[in-house]
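With positions in the sequence shown counted from 1, the corresponding number in our numbering is that position plus 1342.
It is possible that part of the hints are untrue.
[Claimed, not checked] Restricting the straight-line Cα-Cα distance to at most 30 Å, the calculated cross-link-like pairs of lysine-lysine (DSS-like) are:
1. 1387 <-> 1416
2. 1406 <-> 1387
3. 1394 <-> 1384
4. 1424 <-> 1387
5. 1384 <-> 1424
6. 1394 <-> 1406
7. 1424 <-> 1394
8. 1394 <-> 1416
9. 1406 <-> 1424
10. 1416 <-> 1406
[Claimed, not checked] Pair ranges (Cβ atoms, derived):
11. 1418 <-> 1366: 52 to 58 Å
12. 1370 <-> 1398: 38 to 44 Å
13. 1421 <-> 1386: 51 to 57 Å
14. 1371 <-> 1414: 35 to 41 Å
15. 1382 <-> 1423: 21 to 27 Å
16. 1414 <-> 1386: 43 to 49 Å
17. 1398 <-> 1373: 43 to 49 Å
18. 1364 <-> 1421: 47 to 53 Å
19. 1402 <-> 1424: 17 to 23 Å
20. 1365 <-> 1397: 45 to 51 Å
21. 1377 <-> 1397: 44 to 50 Å
22. 1412 <-> 1373: 51 to 57 Å
Source of the hints: derived by calculation from the structure; they are not laboratory data.
Note that the coordinates shown come from a computational prediction; the quantities given were computed from them, not determined experimentally.
All C-beta atoms in this analysis are idealised placements derived from N, C-alpha and C, irrespective of residue type, glycine included.
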Amino acid sequence: MFCNSFGPYGFGSPSSIGFGWMFLVMGLRLLVFIGLIVLAIKLFKNHTNKSKDSMRLLDERFAKGEINEEEYLKIRTILSQKN
């Protein structure tokens, strides 16, 4: 009678019975995927900042006269090979 408006079984449409967990799993997968993307971006930025910082420090040491040109070029070659 009045249950016909809720589908043939009286519980809603047949496609919604038992399939709610699929949306939960899809949502969790999406959250994990987004978390991995954010983590990868942070790690990449951290790595590039460290290499730039080391070159900047080397330039500062050379500008202050703490190291000579030979040492500067040697260390710069080593640092650029690591990146």
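Hints, one by one, checked against the model:
1. 1387 <-> 1416: At roughly 26 Å apart (the allowed maximum being 30 Å), residue 1416 and residue 1387 satisfy the hint.
2. 1406 <-> 1387: Satisfied, since the Cα-Cα distance of roughly 28 Å is no more than 30 Å.
3. 1394 <-> 1384: holds (15 Å)
4. 1424 <-> 1387: Holds, at about 16 Å.
5. 1384 <-> 1424: It holds: about 20 Å lies between the C-alpha atoms, which stays within 30 Å.
6. 1394 <-> 1406: holds (18 Å)
7. 1424 <-> 1394: holds (12 Å)
8. 1394 <-> 1416: Roughly 17 Å between the alpha carbons, so the hint for residue 1394 and residue 1416 holds.
9. 1406 <-> 1424: holds (24 Å)
10. 1416 <-> 1406: holds (17 Å)
11. 1418 <-> 1366: 52 to 58 Å: holds (53 Å)
12. 1370 <-> 1398: 38 to 44 Å: Hint holds: Cβ distance 42 Å, inside 38 to 44 Å.
13. 1421 <-> 1386: 51 to 57 Å: violated (18 Å)
14. 1371 <-> 1414: 35 to 41 Å: About 50 Å separates the Cβ atoms of residue 1371 and residue 1414, which means 35 to 41 Å is violated.
15. 1382 <-> 1423: 21 to 27 Å: Because 24 Å falls inside the window, the suggested range holds.
16. 1414 <-> 1386: 43 to 49 Å: Hint violated: Cβ distance 28 Å, outside 43 to 49 Å.
17. 1398 <-> 1373: 43 to 49 Å: violated (37 Å)
18. 1364 <-> 1421: 47 to 53 Å: holds (51 Å)
19. 1402 <-> 1424: 17 to 23 Å: For residue 1402 and residue 1424 the Cβ distance comes to about 19 Å; the hint holds.
20. 1365 <-> 1397: 45 to 51 Å: With Cβ atoms ~49 Å apart, the hint holds.
21. 1377 <-> 1397: 44 to 50 Å: violated (31 Å)
22. 1412 <-> 1373: 51 to 57 Å: Because 53 Å falls inside the window, the suggested range holds.
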